[in-house]
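Mind docking chain B on chain A? Use the hints.
Same order as they appear, the protein sequences are chains A and B. Numbering follows our numbering, in which position 188 of the first sequence is assigned residue number 189; successive positions increment by one, without gaps. Numbering follows our numbering, in which position 216 of the second sequence is assigned residue number 1594; successive positions increment by one, without gaps.
Possibly wrong hints are sitting among the right ones.
[Unchecked claim] Among chain B residues calculated to face chain A with C-beta under 8 angstroms, some are: (1) ASP1641; (2) THR1652; (3) SER1653; (4) CYS1660; (5) SER1664.
[Claimed, not checked] Pair by pair, the computed Cβ-Cβ distance ranges are: (6) B/ASN1450 to A/ASP117: 20 to 28 angstroms; (7) B/ASP1498 to A/TYR51: 53 to 61 angstroms; (8) B/ASN1567 to A/GLU343: 33 to 41 angstroms; (9) A/ILE107 to B/THR1670: 44 to 52 angstroms; (10) B/THR1648 to A/GLU49: 29 to 37 angstroms; (11) B/ASN1567 to A/GLU310: 22 to 30 angstroms.
Read the hints as simulated data drawn from the structure, not as lab findings. In this text, all values refer to a predicted model and were calculated from it rather than measured experimentally. For every residue, glycine included, the Cβ atom is placed at its ideal position computed from N, Cα and C.
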Amino acid sequence: MRLFALFSLVLVPQLANANIGSVTDVFGVAAVFREEQQSDATIDFGIESYDDVRTAAGRIELKFLDDSVLKLTEHSEIIIDEFVYDPDPTKSKLALNFASGTARFITGALGTIDKDNIKITTPTAEIAIRGTDFTATVDELGRTLIILLPDEFGDASGEIVVASMMGQVTLNKPYQATTVSMFEKEPTSPKILDITLGLIDNMLIVSPPKESVEEDQVVEKRKSLLDFNDLEVELLEDELANSEENLEYSELDMDLLDVDFLRDLLDILEEIDREEEEEENVLEEQGTFSIQGTTIGLDSTTQISTFMEGQQVVMQRQVENFARLELLQGMGYNIMWDDNGEKFNIILNQGGDVYITIVQE
Amino acid sequence: MKRSLLVLGLLMSGSAYAADNQIYIQQTTTGTTNTQIDIEQLGSGNVVAGDTSATGTVNNAMLLNSSNMVFNLDQIGDLNFFRADLNSNSSDFNFVWTGNNNELVAQWNPSGTFDIDNTDWDNIIQGGNNDQTINYGVGADATDGVVNWYINGSDNTIVFDAATAKTHTGLNSWNSMGSIAAADSSNMNLDWDINGSNNTINAIINSKYVTQDWDITGSYNEIDYVGINNSGASSGNGHQSTISVTGSYWDIGVYQSSTGDNDFINFSTTGSGTSSTNATLCIIQSGSGSTTC
Chain A
2 MRLFALFSLV LVPQLANANI GSVTDVFGVA AVFREEQQSD ATIDFGIESY
52 DDVRTAAGRI ELKFLDDSVL KLTEHSEIII DEFVYDPDPT KSKLALNFAS
102 GTARFITGAL GTIDKDNIKI TTPTAEIAIR GTDFTATVDE LGRTLIILLP
152 DEFGDASGEI VVASMMGQVT LNKPYQATTV SMFEKEPTSP KILDITLGLI
202 DNMLIVSPPK ESVEEDQVVE KRKSLLDFND LEVELLEDEL ANSEENLEYS
252 ELDMDLLDVD FLRDLLDILE EIDREEEEEE NVLEEQGTFS IQGTTIGLDS
302 TTQISTFMEG QQVVMQRQVE NFARLELLQG MGYNIMWDDN GEKFNIILNQ
352 GGDVYITIVQ E
Chain B
1379 MKRSLLVLGL LMSGSAYAAD NQIYIQQTTT GTTNTQIDIE QLGSGNVVAG
1429 DTSATGTVNN AMLLNSSNMV FNLDQIGDLN FFRADLNSNS SDFNFVWTGN
1479 NNELVAQWNP SGTFDIDNTD WDNIIQGGNN DQTINYGVGA DATDGVVNWY
1529 INGSDNTIVF DAATAKTHTG LNSWNSMGSI AAADSSNMNL DWDINGSNNT
1579 INAIINSKYV TQDWDITGSY NEIDYVGINN SGASSGNGHQ STISVTGSYW
1629 DIGVYQSSTG DNDFINFSTT GSGTSSTNAT LCIIQSGSGS TTC
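Excised from the complex, chain A in its bound form (with noise of 0.2 angstroms):
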C-alpha cells in the first residue's frame, strides 16, 4: 500500500546522464525513485547509483553495464547502495539491496565486476556471488528464499554463499535452496526444489510474447500508473481487462499466484525444516540418536553441518577443503575434527570402536 502511494507522486523525466544501466525491459507498473522523486519505468530509462526501483502491478528488467541482468516480478523493490564500473575489475563495484518481492540476478559474463566485489544483501541475509544466476524473494516479514539456477548445460550457474550473523550455507546445485527468517539466526540448511528452470522463467518473465510487447500497449500502461487507484485488486482487473491481446501473454505470466508460488516455497522449506528439526529431537529423545560436540544443522562453532539423511547421519565441513562424512544413524563413533590445531571432538552416540580423524588446514 505505501508503494502504490509513492507512485501517485509526480513524475520527473528520464535523466539524460544516467551511466551505470538501462531500462531494457518492462511491462506493467514500474517506477524508479531518484532522490525522493518518481519517474515512470520506460525502456531505455538510464539507471543510476542509488536508484530506487520498484514494481506494482507489473515487471522489469535492468541491465547494468557489466551485462549483469536485474528482473524485478510484481510488488518488489530493489535499491542500488552502489555502481562503479572500472576497466579494471577489482576497481568495478555493484551493491545491491533486495528489499521486497521476487527478484532475478544474472551475473554479468564479461567479468568486468570481480565477483568479490558484487555485495547483494535482504533484510535479513548477504549473498556472496561466485558467478551465478539466482532468483532472490524477500516478503513483508523480510524473511528471504533464495534459489540457485542452473547454467544452460543443466548444471549449477556457479556457487553463492547466503550468510547471516549466525553463520553461512553454501549453495553449489542447480536449484538448491536456503531461507533466511532473522539475521540473528542461521540459514537453513540447503534443500533441492523440484521446480524447473522454465518455470521460474514463467515467473519472472519480463518480456511478453512479442505479438503483445506494443508500445501503445505500455504507453496505455503509463497512462493508468497516473491514474493509480490504492486498490490493488482493481488494478489487476483493469490489468487483464486491458486487452484482448493481454490474453496471449500466458496466465502463467501474468498470474500473481506465480509469485506467490516462490513466497509459499519460504513456508514449505520451513516446514520441511521444521519437521526434520522435529524428527531428530524424536530420534534424540528415543534414544536411537545422540551427539556430542556439535549440532544438527550447521553448527557456528564447529563450522559442521549435521544432518539425516535416510538411515545415515552426514556431517559435512567446508571452509576451504571439503570433507564429507556418511554414517549410519544407528552406530557410534568417535570423531576428531581438527582445524589449524583447533580440536573438536565430537561422539556419536556415546562412541564406539569407529575412530575418525580428520585435519583440515
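Leaving out everything else, chain B in the frame of chain A:
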C-alpha cells in the same frame, strides 16, 4: 590374433620363447606405434619378463617402447610372474590375473622415451595373495591417465606410485620421503573396486586434479593414499576422493596435500570395528606437509 602374432614376430628383438610358459620380450625400437600384444598363459609358474640370457634369471623386466599400444595380458593360474618396463602413451593395457600368489612388478615410463599420457589401464585381480608393485609414470607425464582396479580376492598387497619417483612409505612418514618435484601430470582418474578382505593398498600420486573412487566391500582392508602437489589447481578442482566402505575393521588413511585449499573427500561407511580391532579413518587436508594422524 593373426595380426597380433605378426606384430610380435616383427618387433621382438632378442626375444626367445622358453619352455614352462616363460615369455621374454624386448622391443627397443623407438618411434614404434600401434603395437598390439595379446598374451594368455594357462597353468602355474608362468613368466612374462625380460631376456634371461645375460643373467640367467627371470628377474629382468621385459621392455616395450611404443605409442598407441594395445597390450592384453591374461595369466590364469598360480605363482605367475610378470615384470615389465613399459614406455607407451595413448595406449590401452588390459591385465587379468586369475589365481593366487601371482606377482607383478611393472614400471610405466622408466626411461622417459615416451610419456604415458592418455593411457588406460584395467587391472583385474581374481585371486588372493597377489603382490603388485607399480610405478606409474616414473619420469614423465601421466596426464589423463585412467587406472581401473578390480580386486576380487583377499590378502592382496598393492603398491601404486603414480607420477612420482617417490615410494609410499606410510601415511605418517610421507613428509620424510624428501622433496617432491612439482606435478607435471593432471587429470588422473582412478577407480578402485575392492571385493575381498585383508587387502593392503598403498598409493601415492603426484598430480593435479586427481579423481578417485574407492568402493570397498570387505573387511580388514588397509588403505593408505597420499595425494600431493595439487598446487596450481583452481578452486574446487583439487584432489577429489570418494570412498565407500561396506566392510568392517578397515584402516584407511587419506592425505590430500594442497596449497590451493581445494581438496574434496566424501567418505561413506556402513562398517564398524570392535574394541579389540577398531575401524579407523584418518583424513588430512593440509598444505603444510607436517601434519600426521
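Inset, instruction - Run the structure past the numbered hints and jot down the numbers of the failing ones, going up. - result: 6 and 10
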